[in-house]
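Start from the sequences, fold in the hints, and give me the full structure.
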Amino acid sequence: MEFIRIENLFFRYSGTDETDNCDARYVINDLSLSVDKGEFVAILGHNGSGKSTVAKQLNALLMPDRGKVYIDGMDTSDESLTFDIRRKVGLVLQNPDNQLVASIVEEDVAFGPENLGIPPQEIRERVDDALKAVDMCDYRLKAPYKLSGGQKQRVAIAGIIAMRPDCIVLDEPTAMLDPKGRAEVMETITKLNKENGITVVMITHYMEEAVLADRVFVIDKGRLLTQGSPREVFSQVELLKRHRLDVPQATELCYKLRGCGIALDHLPLTEDECTEMLRGVLL
Amino acid sequence: MSLLSVKDLCFVYSQGSPFEHTAVDHLNMEINKGEFIGIIGHTGSGKSTLVQMLNGLLKPTSGHVLLDGVDIWSKPKEIRKIRFRVGLVFQYPEYQLFEETVAKDIAFGPTNMGLSDKEIAERVKKAAKFVGLRDELLEKSPFDLSGGEKRRAAIAGVLAMDPDILILDEPCAGLDPMGRDLLLSQIYHYHQERGNTVLLVSHSMEDVATVCDRVLVMNHARMEMFDATTQVFSRGEELASMGLRVPQITSIIGSLIDSGIPLERGLLTVEQAVYAVTEYLKKEGRL
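Quick note, the sequences are listed as chains A and B, same order. Start counting the first sequence at 1; every next residue gets the next number (the working numbering). Start counting the second sequence at 1001; every next residue gets the next number (the working numbering).
None of these hints come from the bench; they were simulated from the model. Just so it is clear, the structure is predicted and the values come from calculations on it, not from any experiment. All residues carry an ideal CB built from backbone N, CA and C; glycine is no exception. Keep in mind that a hint or two might mislead.
As the list claims (entries may be wrong) - Derived DSS-like pairs (lysine-lysine); straight-line CA-CA distance at most 30 Å:
no., chain 1, residue 1, chain 2, residue 2
1, A, K241, B, K1282
2, A, K56, B, K1140
3, B, K1059, A, K146
4, B, K1126, B, K1104
5, B, K1033, B, K1126
6, B, K1129, A, K221
7, B, K1129, B, K1104
8, B, K1007, A, K146
9, B, K1129, A, K241
10, B, K1140, A, K221
Claimed, not checked - Looking from chain A toward chain B, a few residues come up when the C-beta cut is under 7 Å (computed):
no., residue
11, S148
12, G149
13, P179
14, R244
15, L245
16, Q249
17, E252
18, L253
19, T275
As the list claims (entries may be wrong) - Ranges between beta-carbon positions, derived for each pair:
no., chain 1, residue 1, chain 2, residue 2, range
20, A, H266, B, T1278, 13 to 21 Å
21, B, E1264, A, E125, 50 to 58 Å
22, A, D138, B, S1241, 16 to 24 Å
Now the structure itself:
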């Protein structure tokens, strides 16, 4: 079932082009895509490609200039639906320090449900569930500033989960984290998708993370450049490189070896797959 | 004599309070002129505290930072001069731009050094060229630039002071893959051409593996390793126990070696791996 539907979306930030109105100034330029309920999709694109603008369109922080964005059938440009939409779609941003508001972890997680007017008893329940979902129960009484980057980001995600959204949109959630923090956050996101059935839209610059998604969208100049399973998308090595993107090192290694005349029938996505393939060739 | 050396360096935040926290614990190391050093470590391992002591932004709780053999705090009133010699680019430096034009922003450092107008103008031009900022951008407001251009402008501001030691804290965070590669290669070429010393703090093992001669590993306020890049990345399990990892390529080659294929250990880049694999197959007469 379709959960997100973007139809011929055009968007530009006001004030950037009062003098001329050529279409090139549109940050989003005739973009259409859809995401099914329960899907995990990754959005790739170079800096300035319009990825973050798309993220903000998904919970009605921004609204289309032309075209439509529907969340579970609700039109985001209908202001009477804004709050319903934000209840369904939670947004997690890059810097965890900008998203935590309270001085105790569990109070921070409770901030969202409190604002939704949920009864205290249920807030307690939701906070506990959310902290469990991101595996941060042991830290519920700690101060957020004492946590590591990965832990802070998981608390930020718990704050969204506690609002019981159907969908989480994450805008480069791991950009500021160390390798361990990155792995923790990715594990949490994958678990929420697989076990709790939450629809995930993740924007990232790390190709190794995009590989974990069911489907990958590549955006360039506010348009959809290509989409498909990670395997379909990452087999287009040339196309991605031409658009300032990359492929995982495992994929690149095999792509280059193929160029040297080594017969490989497909390109691997992960480290293990690559090792397995090369073992076959070398042993 | 090494260019920069650190002796028994310690830094304790909020000493004597219940929040006392040791960020750098008895650190000793030496860095030579012209080296390209990577600094890795988990969040909170003390990397940022360490680099802030190296340019005198933080005063050590105990121990010494020696530049050319002289303690940088021997004349506290002249600490500013140290900051001209040891340039520090913070994380997300684009938030520090403040001037009316990009050129003026880059000129801020050299102006404070008391250089002549002519020399300042030359330095601004050179620094902008190193980071690949086009001339027409120099007269724009820094706030009209794209994110990547702002980052470059901020780095140029430090390069314009022509520091003997350039320290960059996560310069590539948040850039797209090509922006990352480009900025890294510009920093590398700057280092090659100027022959200066560069310290790169990064969470990207791939970036560190590509450009650094030696790697310093911080773990819970202590220096755990400080060795040649290949050496450090051949200790994958230890790195993993510190919340770090090796580049994907190093790990793939490592597993191949473990299954009995005689390749060289500690390969760091895709190019090196391609070469090693094809050479092996040629030697075996299979390519």
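Which numbered hints does this structure break?
Violated hints: none at all, because every hint is consistent with the structure.
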